[in-house]
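Chemist: The residues making up each chain are set out below.
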Amino acid sequence: MNLRKRKTSALNQAIFREQREIRKERLLASPALIIGAVGFLIILLLAVFVPLLNPTDPNAMEVANRLQPPSGKYLLGTDEFGRDLFVRVMYGARVSLWVGGCVAVFSCILGTIVGVYASYFKVLDQILMRICDGLIAIPGILLAIALIAALGTSSWNVILALTIVYTPSVARTVRASAMVIREQAYVEAAKVQGFGNLRILWRMILPGVISPLTVQASFIFAQAIISEASLSFLGAGIPAPAASWGNMLEASKLVFSKAPWTMICPGAAVILCVMSLNLLGDGLRDFLDPRVKGGQKK
Amino acid sequence: MSHLIEINGLKKTFPVYGKTGKIFSQKEYMCAVDNLSFYIEEGETYGLVGESGCGKSTTGRAIVGLTKADGGSILYKGKDLCKLNDKQFRPLRKEIQMVFQNALSALNPRRRIGDILGEILEIHGMKDADERREQVIETLKKVGLSEEHYFRFPHELSGGQVQRLGIASALIIGPRLIVCDEPVSALDVSIQAQILNMLIELQKELRISMLFISHDIGVIRFISDRIGVMYLGTLTEEASTETLFANPLHPYTKMLFDAVPDPYITNREFHALTGEQPVRTQAFQGCAFYNRCPYASDRCKIETPEFKEVESGHKVACHMVS
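First to last, the protein sequences are chains A and B. So the first sequence is numbered by UniProt numbering: it starts at 1 and just counts up by one. So the second sequence is numbered by UniProt numbering: it starts at 1 and just counts up by one.
One chain only, chain A, in its complex shape:
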């Protein structure tokens, strides 16, 4: 890398430009990636900046203004305690993105460590993979509820529970791709050239695992948001009165016939967020797979 900076002749720059062009073309060829990324970015920015710029307390009740329909004053209306729904949806987005993001990051780190080690050591593989099988066998949401029942409700416990739920699937993905890469001719060639095991593990196998991992991460992010909403809906997630999409939906189920916006707004937020993450994941998968050119499999 440092070589590139120091000695960049006109020819080399032309080569880099050409390689950048190809990458740009491939990026533009997958609209899913761009739509997903933009959608997610908008949600992220709203979640960060709306609570910062808007001083309204999401938990402030104005009983006089309960169940107001969307209007100029209340962008998305109010709920049964007269709380501003727009502000609450934005605070809910913070919770959902925080939980989803943490789960995605933690389960990917843990899953990569487990997966890479499992792919490399045969005995460890058997032990780790049987544990993963056991965890996968239990329905995720049930396992999460059981864990939270044991640990108590708080956002950290939700993160912990969902991380335990999603780590096995990451570990399996990583293990599978690591094993494929291990059999590649260039890993064999590296052995002949005298590369050590650790170097092969870190410099060849890990970079190869990163692309399926990022795809997996974006899907887990989306799934974790749904799981967190489900848990909150069931009362096992983020404890009220803190705003989260799940417990807003839960609260709306008594009043939604009179005030449908109380259900539609958090519901739409979940759908939009999950959809943009899934599009992002799909787009990333196509973009990172070198066999897909111009958005189509050759």
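Hints are computed from structural coordinates only; laboratory data are not their basis. Check each hint, because a few of them may be wrong.
If you only want the chain A side, here are some residues facing chain B, beta carbon under 8 Å, derived [as the list claims (entries may be wrong)]:
id, residue
1, Leu11
2, Ser30
3, Gln68
4, Trp156
5, Glu188
6, Ala189
7, Lys191
8, Val192
9, Gln193
10, Gly194
11, Arg199
12, Ile200
13, Trp202
14, Met204
15, Pro207
The beta-carbon is built from N, C-alpha and C at its ideal position, and this holds for glycine as well.
With chain A fixed as given, assemble chain B onto it according to the hints.
Modeler: Chain B alone, transformed into the frame defined by chain A:
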């Protein structure tokens, strides 16, 4: 001239399973390579020729340490490579290199060519980045590539260029022996000729020994000093290139030569090989070529022919030749 590498009674078996699968059927072994012996002199090209599945590649892989041999020895400068573990083998990596058949898949697709070649130098102790860069560019030029390929990715090159790169990655640390496993069989004929000429030139210049594995008799004839004809895991005949082509003795060798299309002679006698190679089990006895040989007698079925020298440097394993 001294023997750089000497292979004695090399044996490699692979487990085979019956139709009932891995768990329920009895484990049996087939010998990919059995009792194989030959040597390569310094600066010499030894060609190993034979049909698919005769164990040529397994032999090559055993020499570079990619497969562990089950028996016999590979003596390199007095050290038995079969007895070394990974760590003890590592210093010798510098001296024994391999060129792969599919060069593109043998190159890390995520890294630039300069980085790939530079890293090989780095792990063998060249710490200075500028020095590495010089050496990489010098090697690229040696194999007919240029500085402009330094920042390219392997998949941006053409087939012939990639194979040149494969040779560059084997040559860069200055090996004494290169195992070339079908290095040109994936290329078209004009590129094959270029690559072979380049290999011959480089070999003369750098005085490297080469084990050249191929199923293509024309290619083998062109590049080799001595040739070993392999069948079913053993050598059936070995001689210098001129001797072998002037006077092939083993029926298999003759048939192999007959199978080469000849554009000039149209009405020559043609003995086509019939049948397939059998599976060589551990209890295999007799001549390997028994079931396909037109001259086979009862003796060939029972008694394994000795691989003996019939004239200076010309060895044959056949009861009919004496």
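Chemist: Just to be careful: measuring from the Cβ of A/Ser30 to every Cβ in chain B, is the smallest value less than 8 Å?
Modeler: Cβ of A/Ser30 sits 19 Å from chain B, so the hint is violated.
Chemist: Tell me if A/Val192 is really an interface residue toward chain B, meaning its C-beta lies closer than 8 Å to one of theirs.
Modeler: Holds. Min distance 5 Å.
Chemist: With chain B as the partner, please determine if A/Pro207 meets the hint condition of a C-beta pair closer than 8 Å.
Modeler: Holds, because the Cβ-Cβ distance from A/Pro207 to chain B comes to roughly 6 Å (cut-off 8 Å).
Chemist: Taking 8 Å as the limit, does the beta-carbon of A/Ile200 come near enough to a beta-carbon in chain B?
Modeler: 10 Å, violated
Chemist: Is the interface hint satisfied for A/Gln68? The criterion is a beta-carbon contact with chain B at less than 8 Å.
Modeler: Not OK, violated: A/Gln68 not within 8 Å of chain B, min 56 Å.
Chemist: Minimum Cβ distance from A/Lys191 to chain B below 8 Å?
Modeler: At about 7 Å, which falls below the 8 Å cut-off, the nearest Cβ of chain B leaves the hint on A/Lys191 intact, so it holds.
Chemist: Would you check whether A/Glu188 satisfies its interface hint, that is, whether its CB is within less than 8 Å of any CB in chain B?
Modeler: 6 Å, holds
Chemist: May I ask you to test the interface hint for A/Leu11 with respect to chain B, counting a Cβ-Cβ separation under 8 Å as satisfied?
Modeler: 5 Å, holds
Chemist: Can the hint on A/Arg199 be confirmed by a CB-to-CB distance to chain B that is less than 8 Å?
Modeler: Holds, about 7 Å.
Chemist: With a cut-off of 8 Å on the beta carbons, see whether A/Ala189 makes it to chain B.
Modeler: Status holds, d = 4 Å.
Chemist: Taking 8 Å as the limit, does the beta-carbon of A/Gln193 come near enough to a beta-carbon in chain B?
Modeler: Given a least distance of 5 Å, the restraint on A/Gln193 holds.
Chemist: Min Cβ distance, A/Gly194 to chain B: is it shorter than 8 Å?
Modeler: Since chain B brings a Cβ to about 3 Å from A/Gly194, closer than 8 Å, the hint holds.
Of the hints listed earlier, those the structure fails to meet are numbers 2, 3, 4, 12, 13, in rising order.
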